Each structure stands twice: as structure tokens, then as C-alpha cells.
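Produce the complete structure using the sequences and hints provided.
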Amino acid sequence: MITASKAKTDSKDRIFFFLSGILLLSIILYSYWISPLVTVAILTSSLRQSTPLALGALCGLICERSGVMNIGIEGQMLLAAFFGFLVNVWTGSLLLGVISGIAAGMLAGIIFALMTVSMKMDQIICGTIVNLLAAGLTGYFYPTGINATGKLKAYSFPFLSELPLVGPVLFRVSPIVFSTIILVFLVHFLLFFTQWGLRTRAVGEYPRAADTMGINANIVRFYNIIIGGFFAGLAGAFLSLEAVGVFERGMTNGRGFIALAVMIFGKWTPIGAWGAALLFGLALAVQTQLQFDQVLSIPHQFTGMLPYLITIIVLAIFIKRNRPPGSLGVPYEKK
Amino acid sequence: ENHAGCGEKTKFCIGLVTDVGVIDDKSFNQSSWEGVQQAKAELGAAIKYIETRDAKDYEQNIELFAENNYNVIVTVGFALGEATIRAAKKYQKIHFIGIDQFQGKPVKNLVGLVFREDIAGFKAGALAAMLSKTNIIAAVLATDMVPPVAAFNRGYEAGSRYINPDIKIISTFHPGGLDISFTDPEWGASTAGQAIDQGADVIFSAGGLTGNGGLIETATHKGKYCIGVDTDQWDTVPAARACLVSCAMKRISPSVIKLIKLAYKNQFPEGNYYGEVSLSSFHDFEGKIPQRIKNRLLEIDNNIQSGKIKIPDYE
Amino acid sequence: MDDITVLKLKGISKTFHGVRANSDVDFTLKKGEIHALLGENGAGKSTLMNIISGLLQPDKGEIFIHGKRQKIQNPRRAIQLGIGMIHQHFMIVPGFTSLENIILGSEPIKGVTIDFQQARRQIAILSDDCGLSIDPDAVTEDLPVGIQQRVEIFKALYRNAGILILDEPTAVLIPQETDTLFKILRKLVKKNISIIFITHKLQEVMQIADSISVMQQGVIKGVFSPEETDEQALAELMIGREVLLKNDYLPARPGKIVFEVKKLTVMNSRGYEAVSDVSFRVREREIVGIAGVQGNGQAELSESIAGLRKIKSGEITLSGRRMPALNPRKMIENGLAHIPEDRLKHGLVLPFSIADNQILCTYYRRPYVHFFGRNPKAILKNSRKLINRFHIKARGPEEAVQNLSGGNQQKVIISREFSRDSSFLIANQPTRGLDVGSVEYVHKQLIMLRDKGLGVLLISSELDEILSLSDTILVIYRGRVCSIVRKEDATMESIGRIMVRGFE
Amino acid sequence: MIATIRSFIIPVGSVIFASLIGGIVLFLSGSDPIEAYAALLKGAFGSMTSITRTLVKATPLMMNGLAVAFAFKAGLFNIGTQGQFIFGAFAASVAGFFIQGVPPVFHIFLALIAGGIAGGVYGAFQGALKAYSGAHEVITGIMCNYIAINITDYLVNHPFRDTSPGNIVARTPLILETSYLPDIEGIPGGFLISLLSAVLVWWVLKHMVLGFEINTVGAGPDAARYSGMRVQRILLITMLISGTLAGLGGALEIQGVEHRFQPGFHTGLGFEGITIALLGRVHPFGIIPASVLIGAMKAGANMMQFSAGVESEIIDIIQALLLFFVTAEVFFKKMIPGMRWQKGEKLSLRAGWGGKV
Ligand SMILES: Nc1ncnc2c1ncn2[C@@H]1O[C@H](COP(=O)(O)OP(=O)(O)OP(=O)(O)O)[C@@H](O)[C@H]1O
Ligand SMILES: Nc1ncnc2c1ncn2[C@@H]1O[C@H](COP(=O)(O)OP(=O)(O)OP(=O)(O)O)[C@@H](O)[C@H]1O
Ligand SMILES: [Mg+2]
Ligand SMILES: [Mg+2]
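Protein chains in written order, with our numbering: chain A, 1 to 335; chain E, 1 to 315; chain L, 1 to 504; chain G, 1 to 357.
Any given hint could be a false lead.
Cut-off 27 Å, straight-line C-alpha distance, at most; resulting in silico cross-link-like pairs (DSSO-like, lysine-lysine) [unchecked claim]:
no.	chain 1	residue 1	chain 2	residue 2
1	A	Lys153	E	Lys222
2	E	Lys89	E	Lys265
3	E	Lys90	E	Lys258
4	E	Lys56	E	Lys90
5	A	Lys153	E	Lys133
6	L	Lys345	G	Lys206
7	L	Lys201	L	Lys191
8	L	Lys377	L	Lys393
9	G	Lys42	L	Lys377
10	L	Lys201	L	Lys263
11	E	Lys40	E	Lys105
12	L	Lys71	L	Lys31
13	G	Lys206	L	Lys385
14	E	Lys265	E	Lys11
15	E	Lys310	E	Lys105
16	G	Lys206	L	Lys381
17	E	Lys11	G	Lys42
18	A	Lys120	L	Lys345
19	E	Lys56	G	Lys42
20	L	Lys68	L	Lys191
21	E	Lys288	A	Lys153
22	E	Lys89	E	Lys56
23	L	Lys71	L	Lys221
24	G	Lys42	E	Lys90
Just some of the chain A residues that point at chain L, by a computed CB distance under 10 Å [stated by the list, open to error]:
no.	residue
25	Asp13
26	Lys120
27	Pro143
28	Phe189
29	Phe193
30	Gly197
31	Leu198
32	Asp211
33	Thr212
34	Met213
35	Gly326
Hints are computed from structural coordinates only; laboratory data are not their basis. Nothing here was measured: the structure is a model prediction, and the numbers come from that model. Each residue gets a CB set at the ideal place from its N, CA and C atoms; glycine is no exception.
Rendered as C-alpha cells:
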């Protein structure tokens, strides 16, 4: 009954995913056997680089599952990264930094919700507005000559981190990377097993039907956008407070948009999106490794294309049409 | 408007045009500007800068100063090379300083302030090779399309090999286009992380914000060293102090001041002016670095001066 | 039955920018009665019901429930007041299972998760004492409409509604399904549930209703009991003129074959065989009717004929020429006219003007294009002509079809398809949801075309429509043609039986 | 009548409101709005050269805006204009320095065509992916942008690098004078061509059969199939044309301004295309003023920083506000009494995501 409610995955896809999963796993195990250090390095890096994408995708997914198309994630991330960093500098507390980063993400969400849900403005336009606004504000008010006070560091779980392979990869990680993994599964659970999830999906598919059952589609959309903002905010905080440690103008560098790609790739399901994000992160890490090892002496521009090419190929050849939520992009007006 | 009255005997005006990017890039825009600011302090000059947003605006931004009869115009970055030459030919009376702009055929009121990044890189490489215990060192680089970065890298590899011919150098360029390769700290950081995780213990991180990301990341790993570029990033990137042994510096500010003063005294040179390059002081690591390494670096320095060491030059 | 009033409306009025949908409507519903509401398309029935169920707010007027004045701000309130509505266009979330659809909005909770077990139990109990069964885990979009409707009824019962509103429930049902529905309704009435029943089918009204209200242009024309009136009277009251209900048209004089399918096999979207080697032929001046319960392959059949769906095997011949698959344009140019089942999705481009919709299949031909491109003059001229000829109610050729009532939307399609000179017509559910006036109109048009010399393939789940119009009747069951009968020797009962089980 | 008034009130009102709020931001951040805006205007329209500069900056914006808008009409969200623009620019510059000894006018057109084709083919590639494999155009678009940048970066760094002595930078040689776009009466030729393209786009969409087909596919893909249109092919053609517009934009940029392909000269142009398309309410004749407006802001930004010392990012903020007011009719509805909005007049696209073909 759960699968039924998800965007349809036809059996061919499932087989493909299953087989490629097996294949990938065996490759990883093999390379771990050959050179454990490098393998761990690659996997750690993949997980790390997939984090902002996965979080961004969660934001997009929660909005879109309730029928709101959010292309403003990039901007939400940027704002979050900015405020998170500022607060961290002012208070000297990374925790406060992260919290206010999240708050900023949600605040941007509220603005977006006011425009899309309350004012029924076109959702693509609202997303673009958020992006412009974020770029403008963070650039215009960019504080010169203030300096970071460190960043979130990796934490090793006792015992667990000693396990081979999974230990260093999964249990010697920095907080946001780790919590992302948990959040992915949490959101998946919430989306498919709880009242909130059922209503969210109903509103996304057919808001009128939800409305006749006494569910106020617009309210659902409103708070879902804000919840989405939480994840975009966390992604931003990750960039400025965990990954880098400082804020720089435009430091999101299009990750918000790749997150959208990842979300669609994952067929609007959290775990699917996470898988897509991991694949993307893996491709990024692998291309770096190819440069490290100089195994093949081709210009780095080509190895650099790897992640993008893989995405297109997988999408074009293996995955059939992705079906978005039915009411996506349409402001809901009562009759 | 403080540029009123520029051009009169009594007033000495200096303008600076950045490359696409921001003045406080903790890198060469910033250190060029610091040079100009010092000139203000010493010569009481009126100073002003314009950040370029769009490569199409180089010409216009330079002209904004020229039209207001500034005495010296500093243009930062090789990308402004052509625009600067054209401006110099058009405004004969104004002195132009083109940073990182190698002059093919000299123009009399324009000097290209250039640096031997390969030498700085060589020293950095030597230092890295001597510091490394794992015999794996890494370089995190913005792009190979920008001559200075490429030169840094060439020197770095040569220098480390000079110390230890079979050292493993794992180096990467940013996979994206030139437009983001200098402004992607996240990539710099995660790449540095990936290098460290596979045993690299010295990271040479070169290229604007991307490089800074690499430095800061390295600082979060115990017992690893990182080497910065361009300025003494001890001051510009404090977050990296935990690992920052030294920086392959291009002494931009002092050279800028020197050239401005020459302009002030009307002894402005033409063609190319080679600015000084060197390793910055070791700061907190002063005590930790054994004397023999320091001696070795001095010896290398002399050998380069005397030409005993040849660095493979531009391809 | 005792005469307690459960619902009372006083002077309800509602206008949509200019359009008077309801004006000063009084309405009374008694406990345990089935109250039929009649009216032509756009009379204001759905609007009135939407007001009762809290989807719309009246401009003025009062609503009393069990004698207490109530303000129904939103559907949630209506549900609390025990009002359940089954909408004309089902309010079912496509991807959801029956269970999910039923509990949506009133989910039983255990801890943080939905208590699906609990929900199942409740549904089981419901199906026992109402004697209707459904598969809770079936994905609703894959279910036949009859069952989807049952899910809708469950939704209401699950929220134990005391007042049940059904807006044109039988529009999409075949006689057998209708009978089951009526049985269900009677059971519900016994449980003291009061029912408002909207329909365009008069004989149903006579059959089931305890009282009848007739609506015309937003006002109630009168309230009757079945005993004191008859179909003809009602029809005239709602349309405002005389209507032929039972029409006995002149028999056909079939000519040569215009259309033929041989051993046609077609897959449905989920890759199962939906049409299995079907063969039949249609002659000039003949209407071939395809009877069948919805979802027995009619959709796939008509789509494949129209060139919209891949065919696995078999061949299609139109006016003597063998037709390539998947080429609608070629079919059209060879004389196909097509009234699609899903008028809003396939038949019309809703945001477009009436004029543009009327040339949707000929936009690239003269006179609609000239040297410089499209020729607006010709397009508008054509539209004005058709609007008059087919009596389409609209402000003018430029009005967007999304603003038209369903009846008029259908007329736009008919005007387009009938005005093309074609030799063969597929009419798929051509009268669904239309009022008696429009139905009569469409039927006349079909006969007229037939007599003009077209071959017509009429697909309909309205058995009486099939019987009164077709000259030959095919019954389709599970994608196979199970029987071919001439009009003369076809009876409602026999056909109905074949429709539901594939044999006499 | 009312309609025409309204169609002026909204944009003008938006500009006023946006600059007001922008002014407040300036004021709060301690700079003088009047001075800043004065400088902005001076930089944008102060002199003939500054006007020219404004138009020069408007040109690529207009072309990208048109490209995005055109795809929107078929329900496609062409987020890949940047890549198409880059390929167009590169192809034009190659044609610019490779082809020798052809008469000027001819050479100009050869280069333009090269650019158009390059962009068009790349667009069509993404269109084909969408139409025939269902790969989502938003994903492929984003990915193709990165790929285009990498490929051209490689090409200018190696095979097509300018080998003239003294050059140490990754860039192509200068294109020949014969392929330079001339100014006509001080108006850049590129701008004139982009105006022409706008008119063409309008004509195609409003008056040509293809335009009707594209609009139909956008408004009702199923009805389009039913009526015998080859939806997939139309999607492909739409992306071909959209890409051609973007590619042409690139060519204009090279032949009119840059005169050689240099990596990174295009930063962000693609996404600005989206802004312009939306600001122009996805109508060719809305896109013209929109791009001139934004062009003016970009042209004035430097002057604003130079003489008013205002960070140029302020114009991003103003752009966002503009976009907001243009879209949020509600304001004007509330403010101007007796202004009733008909159904369908509200600007909405809901293009893109609809994964179905
Ligand atoms: N949302 C709306 N906006 C504007 N007008 C509307 C709206 N809904 C209905 N109308 C108009 O109000 C009138 C009554 O509509 P309604 O749907 O109640 O008719 P109806 O009696 O249900 O017709 P049918 O029997 O075909 O269902 C029609 O003219 C319709 O065009
Ligand atoms: N003037 C209008 N403006 C906006 N929407 C309208 C208008 N008129 C009708 N509609 C919409 O179109 C729908 C069709 O109107 P109406 O309900 O009268 O059709 P209908 O006769 O019920 O058709 P069907 O019986 O096929 O549903 C209405 O339910 C309403 O949502
Ligand atoms: Mg109705
Ligand atoms: Mg109806």
C-alpha cells in the first residue's frame, strides 16, 4: 500500500536498481580489499559531498509532495549559510550558529509560503525571487574582515568506529553528515506511515479531494514549506559551519539546483533521493581520485564531467519517466 | 566625492580595479588593495577601488578612474591585461600597474608586476617533502587555466621531487569551469579531506576561496600541515592557523607600494617588474621545525639565486 | 416514515461573477428519504450541494440541520454535522489505495503512526452491515468507476454521515451497477440515512425517489412525489420545452463497409492485454454500438482505433485504406471523427478559446492558414457559424472553454467533429453527464450523421442509449467481443447479463 | 482600454515600489539613496556611451529571456540556456577566427549561424532526451550546463588556445574584424538583432501554425496528441529553437563585445534568462523592456559603486523586488479601485516539472 502511493516505479527499474546496487557493493568491497585507505577516503568524501544535496532534496521533496514546486532551495541554503556563520561569529557558538542557520532557512520558507500559498503567486517565479533575494542580501551585507571560529568536527563513536569499512565511513563523521542519514529515513517514515505524510501526499496529488475531507490544503502546504526550510537551512549550515567553516558569497555554487535534480532522480522519495545524492557524491569523489592517481592522463575537464554524464545516462537509458505529484505547481484556489 | 580635484599638483590619486571578484578575497585583490592603502598612509594619497562584476566592464572601470585624472591606476589580475594596455596607450599621462600581467612588448606608462610563482612553489614543495612523514603530499588547486596557479603547481612538484624523487604527490584541479573554480571552498575542503584520509600529511592549497577551504579543512585534522599561497594567510585565514606552516607568498603589497612611490617620484619603470616571492615565516611552527630543514631551505634559496637549481619553465 | 426534517435551506443564493447559479433556493430534506434533485446542465445543482457540504459559501440564505441554524464554513464542519457528499467528479486521490482514501482526514492514530489495522476493522464492520465489499488495498485509480464510487460511499459512511449527497452518481454506471447502487441506497435509508440524489435520468428518479425537486436556472421549480408526476412532465419542467425521451428513429439502410478491424489486440498502459483479437466492421449509414461495463477494453479499443495507442497485432481499415498505427493525423485525414471519452483531457484545450478548440484537428489546413501563417478571420468566422449551428451557450468565440458548463463543453467537441466532412465517427460516452435536453440533442445529431451516410461506432455504458441508437450491438467483456446482435433481437436483460459475465 | 492602462500600471508601479524599498535598504545601510540612484541612472543613461553599454548588457539577457520564454510555451523549463549560450558563443568565435577571406557581412552571418546552430543542436539534444526517453529537462539542463562549461574550458585550454606570443591565458584567438558586429547609429548591432529575434518569436507564437502547435502542447499535451500533433517532435523543435536563441545570444556576445572566447565570461547569464523571462511575463514584448531595465542596472552598477560607494549587489535585491511586484498583482488590485482582474490574466507558468510527454 505504501509503494502504491509512491511515484510509480516499474519493475524494470527495480531490477536495474537492485543489480546495479549489487554491482556497486561488490566493487566497493573489492577495492576495499585492494586498498582500504583509499576506499574509505572515497566513501567518506562521497557521503560528505552528498550531504547538502540530500538535505536540499528533502526540502524540495516535502514541498513538492504537497504540490508546491520550490526552485528557491539554492537561495534558502545561501541565506542559512550566511546567518549561521554570522551568529557563530557573534556568539562564538557553533550550535547557535546551526540553529539560526536553520531558522534562516525556515524564515526564507515562510516568505516563499506567503508568496506561493497566501498570495497564490506563480511558484517558479517565487523560487527565482528567493534566489535573487538571497544572492543580493548575502552579497550586500557581506561582513568584511570578520573571521570564523572553527567548524563542526568529526566525532568517532566508541567501538562502532573501529569496525572495518563501515566504521570510519559511517561512525567517524561530523554531526550534520550523520544526522542527514537519520533524517532521510525519518522523513521517509513520516511521509509514508503517518497522518502528516498521508495528508501531505493527498494534498500534493489532489488538493480538492483533501479539501472535501476537511483537510485545508493551503495550510498543509504552508507548514510543509516551512518544514522544508528546516532542511534547506541545515544544508546551508552544513556548508558554512561544517564543510568549510566560513561563509563566502555564492558558496552554494548551484548545489540547490543539483538537489532538485537529485530529488527528481530519486522519484520524490527520501530514500530514493538519498541514493541519487550518494551516487552523485560518489561520482564527484571518484573524479577527484582519478586526478589523484593520474591513472588515466586525460584533461581534468573530462573527469570533471563524470558526475553530470552519469546522471544523464542513467536517467536517459535506465529510468523511465518520473511522475511528479499531480497538483505540482498549481496554486490551490477554492472553487 | 573624494576624487574631486584629482589631477591637480596638490593631490595624488590612486585607483584600483579588481578582477571579477571582491576586494576582500583574502588573496591577491586584498593584498593589492592593502598596498594601495599603505600608499595612502605614506603619501597621503586619495584612494578608491571598483570591484568588477562582469568581465565586460574592465575597460569601463579603468576609464572611470582615468576620466577623473587619477595619477596611478592599479589593475589586478592577468585577465585585465588587454584592457590595461589599451587604457595605458589612451591615457599617456597616467601610470598603470598591472598585477600578474606579463608584458610582451613594453608600454612606457605601464608596468606589469609579475612574480616567479614557480620559485615560491618550489620552496613550498621542498618544505612539504621535508615535513611529510607518510611521503604522500597533496595539492588542492583552483584551475590549470590560470598561469600563476599552474606555475605554483609546477614549482611545487619540482621542489618536492628535488627533495625526495619518489614522493607521492596527489594533486587536483577544480573539476568545474573557471567561473567557479576560485570560489568553491566546499570543494576545496572536501578534496583536502579526501587527500588526508588516504595518507597525505601536507596539503598545498592554492586558489582563492577554493584554496582557503582546503586550508581550513586541513586545520581540523591533527598533525597535518598545510601551505597557503599569495599572501601570508596566517593573517587572512586565521581558522587555518592550526596547520598553516607557511605560505608561498607573492609580496604584492610591498611591490605595489614601491611602484607607486616610483610613480610619485616620476621614476616609473616600464615592461615587467618582478616582485619578490618567498616563504612566509613559520609563525607558531617556528619552534617545531628542525633547524636542518630551515638550513636546507636557505641552501635551496641560494641555489635558485645562483641558478644551480633549474625549474622547468612555462610549457 | 416519520416526517422529521433533517436539513432545511432558506433563500440560498449564489452568483459566480455574474453567473446566477442559485437564486433564493428553499429546500427540505426529511429523515430517511431519498430526495431527487433534477435540472439541466448548469441549473445550479452542484453549486447548491457544494454549499451544503461547505465547499462554497452562499451569498445569502440560511441552513438548518435538525432544526438548528448552522454556518458551514468548510467541509470539516459539514463532516462534523454528518453531511457526506459524493461528487460528480470523484474526490479520490489517484495513487492512494481504497483504505488510504477512506480514512484520509479522519485517520485512526496509534502512537505516531496511522493505525491501519484499526481502520481495516472499522471498514470490515461497515461492509457487513451495509452489505457492500471492497478491497482496501487496491489502488483506486486502477478500479472500475463503479467500485471507485463505492469507495466514495465508504468515505461518507466511515464518517457516519446522516445526510448523504450523491451528485450524478449513475452518470458513469451501467444498469447492473445502478441496481446495486440502488439496493445500497435503500439499505442506507433503512438505517435512517437521508439521501439527496442528483441525476439527469428520469426513469431512475421515478424508480428510487421519495420526493423530487426540479431546478431550472438556479431556482426550484417545484417539489413533487413520484406518484403525482411523470417523466415527460418533469423533463418539460426542467428544460422548459417539450423533449422526446424515448426516440424511435427510422431504421438504418446500411451501405458499403467504411471501417473494419481484424484480429485487433491491444495492451493497456500497464502492459496487460486489454483488447484481445477483436474483429468487426462498420458500414455506411449504420450505428454499431459497443455495450460493456466500463474498463472492459473500450478505452483501449477506441484509443487504438483513433491512432493514440500502439496495437500489438491486427489491422485497421478505414474507407478502404489500411491504416498505420499511432498516426492520428492520418486517421483524421482519412475521414475519422472522434468524440473522446475524457472530454476535458483529450477533447479540449481548456485555456484555449472556443474558436481554437473548434479547429483543433484542422488548424493546419486552408482556410485556417494562409501565406502569413494562421488566419484569425477564417477561424472566428468558422466559430461563429458553429456556435449558432450547435446552439453553444457562450459569450463569444473568444471565450475560454474552461468557463463553459460540461454540457456546452461537449457541444464544442461535437461541433468540431461533426463539421468536418468525415466518413466514420467514434463516439465514446458522448452523453455522459449531460442533461436530458443535451442528451436528446446529441442523439439527434448522431442519427442525423448516420443518415448523412457516416458509419458510427458508439461506445457507451448507458445501455438504453445503445439500444435506442444502434443498428448492430457488440457486447465487449474482458477485452473480447462476446456477442453480436442485431437491434431487433436485443433485449436489455440479455445484453446486461452478457455485459457482466460474458455469456447469456 | 482598461486593459492597456493596466498593462502599463503594473510594470511602472513595480519599478517605483522596487526602487522605493531598495532605497530604504540603501538608507538603512547608511548610504544616500538619491545619490546612489542618480549615479545608477548616470551610469546607465548618462551619456551616449553609457546608453550603448546598457543596450550591450541588455542583449544577452534578452536572448536568454526569449529562449526560456519560448520553451515555457510548450511547457518546458529550459534551465539549460546557459550551456546553449556558451556553445553558441564558442562556435561563433571559432567561425570568427577560422573562416578567412570572406566579405564582412557574409562572415558576420556565417559566425552568427554557427552560434545559432551550436546552441540549437545542444538544445535539441536536451529536447530529444525529454521527448524520447522522458529524461527530465530540468535535470538534463542543469547537467548539460556543467558539461558545456567543461568542454569549452578544455577546448580553449588546448586545441583552440590562442598561441600568439605573449599570451599566457587560456582563450581563443581574436576573431577577425570581418566578423565584428557593427554599431548602427550608435546602437549596437547585437541589440538590433535581439530586437528582431523578439519580433520573430512573437510572430511564430502568435501567427504561425508551429506556434499554435507549441501552445497546444503546452496547454494540453493529451489534446494535442488526440488532434494528431506529433507531440514529441514538437517538443524537440521547441528546444531546438529555444537553444538556437540562446546560442545566437552567445554569438552576439562574441561578435559584438568579447571578440574572443574566454572562459568564465558568461557567469550566471543562463539563470538571469529565467529572471528576464518572468519579469517580461513570458511575452516577447514584455521581455524587451525587462532586459533593457536589468541591462541598465548592470550598466549603472559600477558608476554607483564608484561615485556613491554602494555595493553593486544591491541591484540583485532590487531585481528580486521587481519580480515580486510584477507578479503580485494583488497589490495593484487593492490600490487601484475598480480594477477587476479577469480569470487567466494572472501570470502563471507551471511549466517544467510535468514529467509526462
Ligand atoms: N467555480 C465557478 N465559477 C463560475 N461559475 C461557475 C462555477 N461553478 C459553476 N459555475 C456556473 O454556475 C452554474 C451552475 O453550475 P452547476 O455546476 O451547479 O450546474 P449543475 O446543475 O451542477 O450542472 P450539471 O447538471 O451539468 O452538473 C453554471 O452556469 C456554471 O457555469
Ligand atoms: N464562468 C466560470 N468561471 C470559472 N469556472 C467556471 C465557470 N463556469 C463553469 N466553471 C467551471 O466549469 C465547471 C463546469 O461547470 P458546470 O458544473 O455547470 O458543468 P457541468 O454542467 O456540471 O458539466 P458536467 O456535468 O460535465 O460536470 C464548473 O464546475 C466550474 O468549476
Ligand atoms: Mg453538476
Ligand atoms: Mg454536471
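For each hint, the structure was consulted:
no.	hint	in the structure
1	A:Lys153 <-> E:Lys222	11 Å, holds
2	E:Lys89 <-> E:Lys265	21 Å, holds
3	E:Lys90 <-> E:Lys258	24 Å, holds
4	E:Lys56 <-> E:Lys90	18 Å, holds
5	A:Lys153 <-> E:Lys133	24 Å, holds
6	L:Lys345 <-> G:Lys206	24 Å, holds
7	L:Lys201 <-> L:Lys191	26 Å, holds
8	L:Lys377 <-> L:Lys393	21 Å, holds
9	G:Lys42 <-> L:Lys377	48 Å, violated
10	L:Lys201 <-> L:Lys263	37 Å, violated
11	E:Lys40 <-> E:Lys105	31 Å, violated
12	L:Lys71 <-> L:Lys31	20 Å, holds
13	G:Lys206 <-> L:Lys385	23 Å, holds
14	E:Lys265 <-> E:Lys11	14 Å, holds
15	E:Lys310 <-> E:Lys105	26 Å, holds
16	G:Lys206 <-> L:Lys381	18 Å, holds
17	E:Lys11 <-> G:Lys42	26 Å, holds
18	A:Lys120 <-> L:Lys345	24 Å, holds
19	E:Lys56 <-> G:Lys42	18 Å, holds
20	L:Lys68 <-> L:Lys191	22 Å, holds
21	E:Lys288 <-> A:Lys153	25 Å, holds
22	E:Lys89 <-> E:Lys56	19 Å, holds
23	L:Lys71 <-> L:Lys221	26 Å, holds
24	G:Lys42 <-> E:Lys90	23 Å, holds
25	Asp13	14 Å, violated
26	Lys120	17 Å, violated
27	Pro143	42 Å, violated
28	Phe189	8 Å, holds
29	Phe193	5 Å, holds
30	Gly197	8 Å, holds
31	Leu198	6 Å, holds
32	Asp211	6 Å, holds
33	Thr212	5 Å, holds
34	Met213	3 Å, holds
35	Gly326	6 Å, holds
Violated hints for the displayed structure, listed by number in ascending order: 9, 10, 11, 25, 26 and 27.
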